[in-house]
Amino acid sequence: MSKIFKNKLKFAPEMKYNIAFIMILVSAQNMLAQSSQSFMTSGGKINVVFAVIFIVFIGIIYYLIRIDRKISKLENK
Amino acid sequence: MQLSWWKLLCIVLLAYVLVIGLVTPLKPGILKISPERIKTGQTVDIEISGYNTHYKSSNQVAYLKASTGYLIQAKEIKVIDDNNMVASFDVPQFLPTSNSIEQLSVITSSEKDGSSVMPSRLIVAQDSVQLEMGKNLWSIKEPTFFGIKKYSFPFRNILYETIRNTFFHVSLWFAMFALLGISVYHSIRYLYKSDLLDDWKAYSQVRTAILFGVLGLITGSIWAKYTWGTWWTNDIKLNMAALSMLIYFGYLIIRAGIEDPDKKARISASFNVFALVAVIPLIFVLPRLTDSLHPGNGGNPAFGSEDMDNSLRMVFYPAVISFILLGIWLSQLVFRSDVLSHKSESAEI
Numbered sequence: 001m002s003k004i005f006k007n008k009l010k011f012a013p014e015m016k017y018n019i020a021f022i023m024i025l026v027s028a029q030n031m032l033a034q035s036s037q038s039f040m041t042s043g044g045k046i047n048v049v050f051a052v053i054f055i056v057f058i059g060i061i062y063y064l065i066r067i068d069r070k071i072s073k074l075e076n077k
Numbered sequence: 078m079q080l081s082w083w084k085l086l087c088i089v090l091l092a093y094v095l096v097i098g099l100v101t102p103l104k105p106g107i108l109k110i111s112p113e114r115i116k117t118g119q120t121v122d123i124e125i126s127g128y129n130t131h132y133k134s135s136n137q138v139a140y141l142k143a144s145t146g147y148l149i150q151a152k153e154i155k156v157i158d159d160n161n162m163v164a165s166f167d168v169p170q171f172l173p174t175s176n177s178i179e180q181l182s183v184i185t186s187s188e189k190d191g192s193s194v195m196p197s198r199l200i201v202a203q204d205s206v207q208l209e210m211g212k213n214l215w216s217i218k219e220p221t222f223f224g225i226k227k228y229s230f231p232f233r234n235i236l237y238e239t240i241r242n243t244f245f246h247v248s249l250w251f252a253m254f255a256l257l258g259i260s261v262y263h264s265i266r267y268l269y270k271s272d273l274l275d276d277w278k279a280y281s282q283v284r285t286a287i288l289f290g291v292l293g294l295i296t297g298s299i300w301a302k303y304t305w306g307t308w309w310t311n312d313i314k315l316n317m318a319a320l321s322m323l324i325y326f327g328y329l330i331i332r333a334g335i336e337d338p339d340k341k342a343r344i345s346a347s348f349n350v351f352a353l354v355a356v357i358p359l360i361f362v363l364p365r366l367t368d369s370l371h372p373g374n375g376g377n378p379a380f381g382s383e384d385m386d387n388s389l390r391m392v393f394y395p396a397v398i399s400f401i402l403l404g405i406w407l408s409q410l411v412f413r414s415d416v417l418s419h420k421s422e423s424a425e426i
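So the protein sequences, as listed, match chains A and B. For the first sequence, the positions run 1 to 77 when my numbering is used. For the second sequence, the positions run 78 to 426 when my numbering is used.
Check each hint, because a few of them may be wrong.
[Stated by the list, open to error] Computed cross-link-like contacts, SDA-like style, restricted to lysine to any residue with a CA-CA straight-line distance of at most 20 Å:
(1) B/Lys104 with B/Phe230
(2) A/Lys73 with B/Gln409
(3) B/Lys104 with A/Asn47
(4) B/Lys302 with B/Met317
(5) B/Lys302 with A/Ile53
(6) B/Lys302 with A/Val26
(7) B/Lys116 with B/Gln150
[As the list claims (entries may be wrong)] Sample of chain A residues with no beta-carbon within 10 Å of chain B, all distances over it, derived:
(8) Tyr17
(9) Ile19
(10) Ala20
(11) Met23
(12) Ser27
Please keep in mind that the hints were generated in silico from the structure rather than gathered at the bench. None of the values given here were measured: they were computed from a predicted structure. Ideal Cβ placement from N, Cα and C applies to all residues, glycine included.
Turn these sequences into a full structure, and let the hints steer you where they fit.
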């Protein structure tokens, strides 16, 4: 019984990376929230713009890494 | 890798948007005034804090303006530093309005900074209403305000520097819709010609569009936290954007759930067509019909002169084009890797 349960809980390797990506995003948001409100709102809220650019950058890099992994899997075959 | 002209254009435009979009300064503006409540018939000192201003380097003029167009000029201005000054006004006994309470706009003007406005922030109360007397005490003549010649982005209260998110958040959504449009074209082509390659193209474009949409939601959420004070509100624009993402997650689930490639392609292609038809009114039409907190909604189109001006357009249009090209580039990579993996699978069999 426990064996079946264990097997069901196993994530596919791709899923693992997705979960890791989401966890990174959530922790980044937490870090932003913990860093004092004044840091983000100082200087006419320019740091909000930097945070937005950073997130877009991270998202596109994540997408590229996924494609890269897929292609290297194909090469290994 | 062959670097075709449009990939090069994408890189150049992205670099242009990043540099010009971040380096260009905001126009000078008024951040804060204090006090915000005054009474008539007194001399009031109003502290004005500016942003990007140079109060020390040129002569300043300040006005109070009523909603009816009547003005008074400051009798004396004490400049503290480049971003702070105190303007003294002799506020007359009566206001040029027929209400006992009026919201005044504070206007400053100088040769170097141009003119900046703090709209309807100063609340003034009068004891009795004397419209004709008030009109005599205030001046109706519009003074000449200085303009600013330097290339700069508009200063908007509450938004401040985050007006630059127009390039990095709004253009993501524009690129998402462009990709969805291209994918619908490929889906329709598949339904006509039954070529599986068309369906894969549509699939890769939808996936890239979902990436852009999710990034749009996250970046919007970060902006909302430091503008509205919360990661998410029940605003119609936000909820409809999340809903349209869910519709496209449905597309992914349908594809994952059907084994037979032809059936999968046919069902998901028709789903894709209907999804876009459903999503366009959700994001573009509904938020304009009701009130929305989101800039550029609640009755006003985002391209009106209120929200967009020519200095923003100079960067915004290249940003949209570069994100669309980047989306096409990314989805092409996905598509090519899909084709390769299919080829290697069929070679094994």
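Out of the numbered hints, which ones does the structure contradict?
Violated hints: none at all, because every hint is consistent with the structure.
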